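Turn these sequences into a full structure, and let the hints steer you where they fit.
Protein chains: 6
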Amino acid sequence: MSDSFFTPVSGMDLPRFAGVPTFMRLPHLTLDDPRSSDVDVGIIGIPWDSGTTNRPGPRHGPRQLRDMSTMIRAQNGATNVRPFEALNCADLGDVGPNPADIQDSMDRITAFYADVKAKNITPLTAGGDHLSSLPVLRALAADSPVGMIHFDSHTDLFHSYFGGTMYTHGTPFRRAVEEGLLDPKRVVQIGIRGTAYDTEDLDFAESVGIRIIRIEELFERGIASVMAEARDIVGDQNTYLSYDIDFVDPTFAPGTGTPEVGGPNSFQALQVVRELAGVNIIGADLVEVSPPFDTSGGTAFLGVSIMFEMLCILAGNRQR
Amino acid sequence: MSDSFFTPVSGMDLPRFAGVPTFMRLPHLTLDDPRSSDVDVGIIGIPWDSGTTNRPGPRHGPRQLRDMSTMIRAQNGATNVRPFEALNCADLGDVGPNPADIQDSMDRITAFYADVKAKNITPLTAGGDHLSSLPVLRALAADSPVGMIHFDSHTDLFHSYFGGTMYTHGTPFRRAVEEGLLDPKRVVQIGIRGTAYDTEDLDFAESVGIRIIRIEELFERGIASVMAEARDIVGDQNTYLSYDIDFVDPTFAPGTGTPEVGGPNSFQALQVVRELAGVNIIGADLVEVSPPFDTSGGTAFLGVSIMFEMLCILAGNRQR
Amino acid sequence: MSDSFFTPVSGMDLPRFAGVPTFMRLPHLTLDDPRSSDVDVGIIGIPWDSGTTNRPGPRHGPRQLRDMSTMIRAQNGATNVRPFEALNCADLGDVGPNPADIQDSMDRITAFYADVKAKNITPLTAGGDHLSSLPVLRALAADSPVGMIHFDSHTDLFHSYFGGTMYTHGTPFRRAVEEGLLDPKRVVQIGIRGTAYDTEDLDFAESVGIRIIRIEELFERGIASVMAEARDIVGDQNTYLSYDIDFVDPTFAPGTGTPEVGGPNSFQALQVVRELAGVNIIGADLVEVSPPFDTSGGTAFLGVSIMFEMLCILAGNRQR
Amino acid sequence: MSDSFFTPVSGMDLPRFAGVPTFMRLPHLTLDDPRSSDVDVGIIGIPWDSGTTNRPGPRHGPRQLRDMSTMIRAQNGATNVRPFEALNCADLGDVGPNPADIQDSMDRITAFYADVKAKNITPLTAGGDHLSSLPVLRALAADSPVGMIHFDSHTDLFHSYFGGTMYTHGTPFRRAVEEGLLDPKRVVQIGIRGTAYDTEDLDFAESVGIRIIRIEELFERGIASVMAEARDIVGDQNTYLSYDIDFVDPTFAPGTGTPEVGGPNSFQALQVVRELAGVNIIGADLVEVSPPFDTSGGTAFLGVSIMFEMLCILAGNRQR
Amino acid sequence: MSDSFFTPVSGMDLPRFAGVPTFMRLPHLTLDDPRSSDVDVGIIGIPWDSGTTNRPGPRHGPRQLRDMSTMIRAQNGATNVRPFEALNCADLGDVGPNPADIQDSMDRITAFYADVKAKNITPLTAGGDHLSSLPVLRALAADSPVGMIHFDSHTDLFHSYFGGTMYTHGTPFRRAVEEGLLDPKRVVQIGIRGTAYDTEDLDFAESVGIRIIRIEELFERGIASVMAEARDIVGDQNTYLSYDIDFVDPTFAPGTGTPEVGGPNSFQALQVVRELAGVNIIGADLVEVSPPFDTSGGTAFLGVSIMFEMLCILAGNRQR
Amino acid sequence: MSDSFFTPVSGMDLPRFAGVPTFMRLPHLTLDDPRSSDVDVGIIGIPWDSGTTNRPGPRHGPRQLRDMSTMIRAQNGATNVRPFEALNCADLGDVGPNPADIQDSMDRITAFYADVKAKNITPLTAGGDHLSSLPVLRALAADSPVGMIHFDSHTDLFHSYFGGTMYTHGTPFRRAVEEGLLDPKRVVQIGIRGTAYDTEDLDFAESVGIRIIRIEELFERGIASVMAEARDIVGDQNTYLSYDIDFVDPTFAPGTGTPEVGGPNSFQALQVVRELAGVNIIGADLVEVSPPFDTSGGTAFLGVSIMFEMLCILAGNRQR
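Residue numbers (the UniProt record's numbering), protein chains in the order written: chain A, 1 to 320; chain B, 1 to 320; chain C, 1 to 320; chain D, 1 to 320; chain E, 1 to 320; chain F, 1 to 320.
By construction, these hints were calculated from the structure, which means they are not laboratory data. Every value quoted in this text rests on a predicted model; they were computed, and no experiment measured them. Where a beta carbon is used, it is the ideal one built from N, C-alpha and C, also for glycine. There's no promise every hint is true.
Label-pair distances were calculated between CB atoms; the ranges are [as the list claims (entries may be wrong)]: (1) B:Ala-111 to C:Asp-236: 44 to 50 Å; (2) D:Asp-198 to F:Ala-142: 38 to 44 Å; (3) D:Tyr-197 to E:Lys-185: 48 to 54 Å; (4) E:Ser-4 to F:Gly-164: 43 to 49 Å; (5) D:Asn-120 to F:Glu-217: 56 to 62 Å; (6) A:Val-208 to F:Asp-107: 31 to 37 Å.
Structure below.
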């Protein structure tokens, strides 16, 4: 049973549109607050999009995700999990990026997550563009490579962009494999689709053993079958969960920079996460929510709904 | 065959973007107009949202539903029903609410619908938030309790909000059961989903015999199976039909105050109504359309498309 | 010089789009936090719009005003005032309203502001609809009536609405005069315009000695002349400042429920506040910002820019 | 004193967002209704934009103007005129255009306005693109040419478009002069600005004696001076008033097809009409409101505010 | 292998948001450019909507489709086709319509496509409203009637509108059958749905042998089965492909003038085209994209994604 | 008289919404096209926003500015200048930035503009964020420092951001002075306003002799007086013109990243440029247009209207 300090504000006490918007109406703590040592899961924003090669905006993601997250209540209607009772959850604030310096920003992020890890807090990240995952992995997988379940319409496995630029949102997992942060044989990428420059990313994936499940295969085999395979691939060792909102069809999630039509609907977007029960998740992220391309906030609301499902998975796996 | 006075204006005579927008381009009558005694189905707006606990806006619903309804033509393409030939339909205008007094507003609504009932007009209501259904039921079920088929992502069966407030859009059907307006054993709620405060509503439903079909069950069993069960539950006695637009996935219906992701698509939104042929419907409503959250009007267009399906069901059941 | 605890986060340290959005990036305190006794000016949200007779939405005002307020920096470029150095400022959170009970909500607000007053904190309020000002005045003017400088396109002096409803956003100052909270001879209303139902409000104003300055007079005489008169009217006694965002032309402030065209521009919107230096302001509000009618956030940004000017006036008057 | 049948619905009786939206909440009559013989001013929509050479949309103008017009109350706050008491006003509905046949549409419009004129009703038109004015003038000026006060950023005096097309929204007044509907010496065009193809329109104006007052002259001399000259130009004979919403700066009126930056603000937009007291106006129009380019409805609200000022001028000139 | 002159600009060289937006970043040629004789497939815009009977806007379609098309890359991820290597593709610019003269516009379009055909270029058209298809067919089927696969929610087979108007976007294929441009026995229409005026179009279809597959049949049988039948119907002779974006559900494609709810999703929107491999397509169009009703650009992005699938079909059939 | 090759497409020949959108419908040339040697003024896009410290988006500026620029015609209505007859103008395309590498991007820009300068082409730039001006000045002022007239609400004279980052859109002119590109005594900044971090920028300006004219001074003295002083400051030597769209009030130009309320209106936005006749302008830019924050396109339309005024100034100064 969690500590009552960590109970979110109820909509019955304070209407859901009211109050300072922290993630899921949880208490906002900084890492130097003494209560941070009691936190099991820390929700963290990375308001950063310097790795974006196409349309920008994910720097605004954490703000809008917090805003929409006050619509989330205490209990998962589908699975009956009550994550805030199972775990001490808190909003740990945003990592402050340097919008005009990519390397400095990555260093700041890695340093922040190293602290999080040192406190034995499982981080649930609200991005930020997908390059965010790299500095996070540098902290979480500093000791040994981890597996990864990755929902996306792109592999993000490219070598470089624009004539040799190594750090963009299209390259994080290439770097992570090269740096020994990911064990490619324990990596599965689900939902890949859309037009492609070439097959350089796919060739790399094949060469190192990353399993790619395209959208056509997902729709044909069904979610249960594909997710069973995904669970097999990562096994019971440490696994990172990375969810690019552009995995979802852009009609359901227009607020993103590099949409690809023909993706899953919102029910499927939740289902794939529900199928992760039992996976040994040591950190998760939801990235590429770009509010300027979604003034209705629907993308962010779907995003936090997905984050709540992630939290319920963590609650099932790590109860106090 | 209906009276030609009640024939909607054709888009071939006057383009569909033209003219004063009444519901489905029908004549606008007030209840004291002598022709109102010839009306079979009256479409009525309840521009009211004082029961809203979250995001407001349904007070603007009837206006935008009328606007988009001029896109509706004479014949149901799927079922070939021509409702305006089968029945005399009219736009009976809006019930004038008191935006700053909930009890006064409920009294005004009940009085209006008592007149409608007295004239033997079947009301098809455009809400308004879901509290609207309660004063309508007070008029329609004044003599004896009715059954209800209820599409929604929420049960609206809570006891109270904000420390004891009994009348909100989250409580109408709790009140309706308590007041003997609904026969709970003849009530079925379909599409329930999303996060929950607690299970107080579900416990009440179980205790009185209301059947709840969650979205997972709807998707798993399919619409035909679930709707067959729904028809069985209400049987052939008087039944009210209440359709909260948030039953539909918020990507298809963003213009609503309390969306829950992971719902039916627009085809399914129509299908569930088409499955109601033969049910003894004595009144129906489409509620919670909130135009300020849907500037495109897509939610209202879906809403009136659903209302047209309702009208076709009524036309099948009650021909002159 | 203020306490460094109360220094807002700088955009140089954390980019302005980052972080949990409190008002002007100030610390968020509740009234039971011991540090609240050091607060000079408390910024408070009233997320409430039950008094709205027309288009709703101000319940969302405080949330969006907080969001846009992170664009505000430390120094007033026009007057060189640095309010956060002059005063200890804090975000005191929102008063929790009861969206479905007007009287209960007013009682909650009055109780909250009585606490604020008891702690000798000057409240700067982000509404909420204009009815919010009444329960605030009940706390602040509990002992003796105050004067008021009121910017608005409406007088809000009507007796009642909808056949006798006494509490709406069109009646707060009628009630405040009746309840002895306002000294009508020390009240001036500036910017009145638009179409009118009748002259019942103007007749009342004349009968009790409230000075009304229509927009035509404001534009003809100029802001300096009109504001000099306003300062004379309120003199050096306790004065409340109430600013309805619909004072400003709706092109500059579309996000409001009852716009009237032909108002001041954004420069003039700031100028009128800058002319208040030296007025003995014991509380101020900025009301009627309705985010659903302004998806760009421009209205809220103008709103917080006005609130910053108010804060600078308070800083000039009350330095630690 | 007007007939109570023609009194608009009050917002005190029915909130302004409620009810079927007729123009200014007036009764909706067709010309074959016997009560139409009692009408002094008829407000008429022309939902037509086939003459548009640039961005379309004015076909939707009357619908949105009606919608926003329910925000208009009974009395002009600036001039104290109460037009609905001075005159019998009614919504005469829309002229049904043929969207795919320009000549047919013009014939329909002229026929409708000939009926209006025959009933001695002064028409106040909500367009529609500016070509609408030509068929209206064909009816109103059938017997003898009229003068015109014309607010616009364009002269609409071109000979033809696209290699010889004579009927577009850039040519109506060239045709009207050629057809003897306008007396060019009694025509004044105010607000002209923006980039130009060439000076063919200006050369024509000069050759026939039309007075053109560019925006620079309007701003330099001021509205009072310019409008005094305008009143002199038209004198006391029959005069048509034509107001293209693109006269106003596009920030205040974005919902239009051919905007030109650098125009009057909303206060000035009303002022120019108020200066028309005493002019012998035999018909007026407000054209080129294009709702698809203004989802907020602000353009339409400004448009109906202008129409209300026109109505007040008519009420001053023609009291029952 | 195509000529390198015809290779689109890569997003790796120039980011996809940069540069003058031609269709799919191809070279822009006019028909009098000598290089046009090397073109295999020419993408052509028809910025025209004079045939629209309902909401306008497709005149803006080509502009926004070009804009969004710069998000398309070189390779089809699902089928691995690289169309720009298989064929010489170019942007041939827009046919200049006369917005105020339907007959003149149709003549201009037919003349342009006659030139295209004379140069042995296969045209891929971005409309424009659906009337555009008629003048295109007059050029392409000048010698002998062609078959047609037609995706739409409407048949566009009506005789006339508004009392006898023969040329609107609801009549092109009636005219095309009458003019001997289409062989009705080789025409299949897929996706038909929504409310209907009457059955005049269906009666005509039946009388001449056009096969209509309603949306209910498409969903029940599945895409593979239906498309197999479609391929049988057109056989291996010359076939035109016409795709109205309103075939797709309006939530996925809101930017269109006459939406009908309950249609295919974006994955299915692509699937139906992928099933056309091997069909002898001599020209294709994607029509009725109306940007003013879709400010997000999502409809146009789906539209160009569909056009890319069409191009891949052409590339499979006609390799250099 | 200019070469007819460089004549923009007329809206009379091709409607303004049609065609591939180049800047002002001019021919699109690359610098290696032989005709580039005949160009007098080249309009160039810099689709880049890596220097943005706040809200992103100017990378999309050139695309939307091109789109809206097709609304510009041949002649300046206010000054009668016909710039395309006076000068050979062309769209020189976009400089390809590297979105993930600031230094690389600056080098690419400087190299491009060095070529432009070598060809004796005067560049008119469409940004891009304000950091763009620095690499442009490195090319144009390579030989000797230039003066500058700078319209903005910010000085962009800060030393560094985020703990030492030297290259952001808040620092370009500090760097330009340090690098000897600008002669500070010949620099004037007009329109400065809004809240400030501190006075470090103003202190620097004072220390080097840059003249700052705040918005209050501009409004008080009037545009004619201020611009006369500006002309005196720069004298008749080489002068760069830099116009940040946030100089204009954000209601008129919402599409920008760091708005400050209380600025000039759209008429004044043009006026200040018209006052530059005779100034020896060797290059000009219009920066910080951020389309994601202005879906209506109004900001871009104002932006290109300003660019057209710039072009007319250049045409007055440099006629062939």
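For each hint, the structure was consulted:
The given range of 44 to 50 Å is broken by B:Ala-111 and C:Asp-236, whose C-beta atoms sit roughly 54 Å from each other. For D:Asp-198 and F:Ala-142, the Cβ-Cβ distance of about 41 Å falls inside the hinted range of 38 to 44 Å, so the restraint holds. Against the hinted window of 48 to 54 Å, the Cβ-Cβ separation of D:Tyr-197 and E:Lys-185 comes to about 50 Å, which satisfies the hint. One distance hint, 43 to 49 Å for the beta-carbon pair E:Ser-4 and F:Gly-164, holds here, with the actual separation near 46 Å.
Hint check: D:Asn-120 to F:Glu-217, Cβ distance near 58 Å, so the stated range 56 to 62 Å holds. The hint said 31 to 37 Å for the Cβ distance between A:Val-208 and F:Asp-107, and at roughly 34 Å that hint holds.
In the structure shown, a violation is registered for the earlier hint numbered 1 alone.
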